[in-house]
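Asks: All chains, please: the whole structure from these sequences, using the hints.
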Amino acid sequence: MKTSQILICISRVLFPFIVLYGFYITINGHLTPGGGFQGGAILATAVLLSYFIQPEKIRNLNLLIKLEKYMFIVILIVSSISLFTRGEIFTNFLPINSSINLKSLFLTILNLFIGIKVSTGLVLVFSTFIEEGK
Amino acid sequence: MIKKCMLIFMLTILLVVFSRTSFQAIQNIDTSSKDYYLKNTYSDTGSKNIVTGIYLDYRLFDSIFEASILIIAVSGIIFMSKKDDEVV
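Chains as they are written, first to last, in my numbering: chain A, 1 to 134; chain C, 1 to 88.
Simulated from the structure, these hints should not be mistaken for lab results. Small disclaimer: the values here were computed from a predicted structure and weren't measured. Possibly wrong hints are sitting among the right ones.
To be verified - Below, simulated DSSO-like cross-link-like pairs (lysine-lysine); rule was C-alpha separation at most 27 Å, straight line:
1) A/Lys69 with A/Lys2
2) A/Lys57 with A/Lys134
3) C/Lys82 with A/Lys66
4) A/Lys57 with C/Lys83
5) C/Lys83 with A/Lys69
6) A/Lys134 with C/Lys83
7) A/Lys134 with A/Lys2
8) C/Lys48 with A/Lys134
9) A/Lys2 with A/Lys66
10) C/Lys83 with A/Lys66
11) A/Lys2 with C/Lys82
12) C/Lys82 with A/Lys57
13) C/Lys48 with C/Lys34
14) A/Lys69 with C/Lys82
15) A/Lys57 with A/Lys69
As the list claims (entries may be wrong) - To list a few chain C residues with every Cβ distance to chain A over 10 Å, as calculated:
16) Lys4
17) Leu7
18) Gln27
19) Tyr42
20) Ser81
Stated by the list, open to error - Short derived list, chain C residues pointing at chain A, Cβ under 10 Å:
21) Ala25
22) Asp44
23) Ser47
24) Val51
25) Leu56
26) Arg59
27) Glu66
28) Ser68
29) Ala73
Idealized CB from N, CA, C, for every residue including glycine.
Replies: Rendered as structure tokens:
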């Protein structure tokens with residue numbers, strides 16, 4: 001497939017801004033609209049743009065599969081720490097009368113992990129389709 | 001002809017029933033859960049965005065299975081697209 005030179009040039013300019021915006025949406029999920037799922041989708045579009053820039057580059061899909069599986073296990077572990085600290089599973093692991101700024105640390109960590117997991121999942125879906133269509 | 005008439009008849013019945021139930025639902029809305037979340041979410045979870053407070057603290061059990069949907073879909077796509085002699 002032949003890609004236009006203008007599209008490649010514009011993609012090179014836009015790529016770092018899209019990555020920055022995706023991380024902003026992911027990390028600020030507890031203050032502004034957004035969150036892990038939406039930010040992960042934006043990060044996946046950045047990787048989709050990089051297919052325009054270097055279409056011949058072969059990527060290692062096995063690493064991404066391993067990353068997504070381990071991210072899911074990490075999310076399960078982080079969300080079930082509260083069984084030992086609070087006594088009930090699947091909530092915040094900090095005690096219930098700690099300060100509000102400390103409580104939002106849990107939301108930031110979980111949003112970041114969910115964002116990485118969703119972005120690797122979407123990247124895997126369309127990388128598989130692109131490899132198949134060659 | 002009969003098929004089209006039956007289809008239009010069924011769609012009209014659906015429209016009437018849906019509009020009746022929605023007009024009835026407007027008159028008696030229960031706002032107790034909305035008031036609870038508006039009052040207590042910031043002090044309980046520490047998030048100014050109430051949606052994040054609900055899906056990462058109150059309903060985290062639901063959100064984990066929502067994240068696992070994607071991993072199941074990805075594993076299905078990779079299983080259907082891999083070659084015969086390739087091991088993932």
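Asks: Does each hint hold? Answer for all of them.
Replies: Right, here's what the structure says about each hint:
1. A/Lys69 with A/Lys2: violated (35 Å)
2. A/Lys57 with A/Lys134: holds (13 Å)
3. C/Lys82 with A/Lys66: holds (16 Å)
4. A/Lys57 with C/Lys83: holds (20 Å)
5. C/Lys83 with A/Lys69: holds (21 Å)
6. A/Lys134 with C/Lys83: Distance ~14 Å between A/Lys134 and C/Lys83 Cα, so the pair holds.
7. A/Lys134 with A/Lys2: holds (13 Å)
8. C/Lys48 with A/Lys134: Distance ~46 Å between C/Lys48 and A/Lys134 Cα, so the pair is violated.
9. A/Lys2 with A/Lys66: violated (32 Å)
10. C/Lys83 with A/Lys66: holds (19 Å)
11. A/Lys2 with C/Lys82: Between A/Lys2 and C/Lys82 the Cα gap is close to 26 Å, so the pair holds against 27 Å.
12. C/Lys82 with A/Lys57: Distance of about 19 Å is within 27 Å: holds.
13. C/Lys48 with C/Lys34: holds (15 Å)
14. A/Lys69 with C/Lys82: Given that 27 Å is the threshold and the Cα spacing comes to 18 Å, the pair holds.
15. A/Lys57 with A/Lys69: holds (24 Å)
16. Lys4: holds (39 Å)
17. Leu7: holds (36 Å)
18. Gln27: At about 31 Å from chain A, C/Gln27 clears the 10 Å cut-off, so the statement holds.
19. Tyr42: C/Tyr42 is in fact no farther than 10 Å from some Cβ atom of chain A, at 7 Å.
20. Ser81: violated (5 Å)
21. Ala25: It is violated, given that the least Cβ distance between C/Ala25 and chain A is near 27 Å, above 10 Å.
22. Asp44: holds (8 Å)
23. Ser47: holds (4 Å)
24. Val51: With a minimum Cβ separation of about 7 Å from chain A (threshold 10 Å), the hint on C/Val51 holds.
25. Leu56: holds (5 Å)
26. Arg59: holds (9 Å)
27. Glu66: holds (8 Å)
28. Ser68: holds (7 Å)
29. Ala73: Hint holds; C/Ala73 Cβ to chain A Cβ min 7 Å, cut 10 Å.
In terms of the numbered hints stated before, the structure departs from hints 1, 8, 9, 19, 20, 21, listed from lowest to highest.
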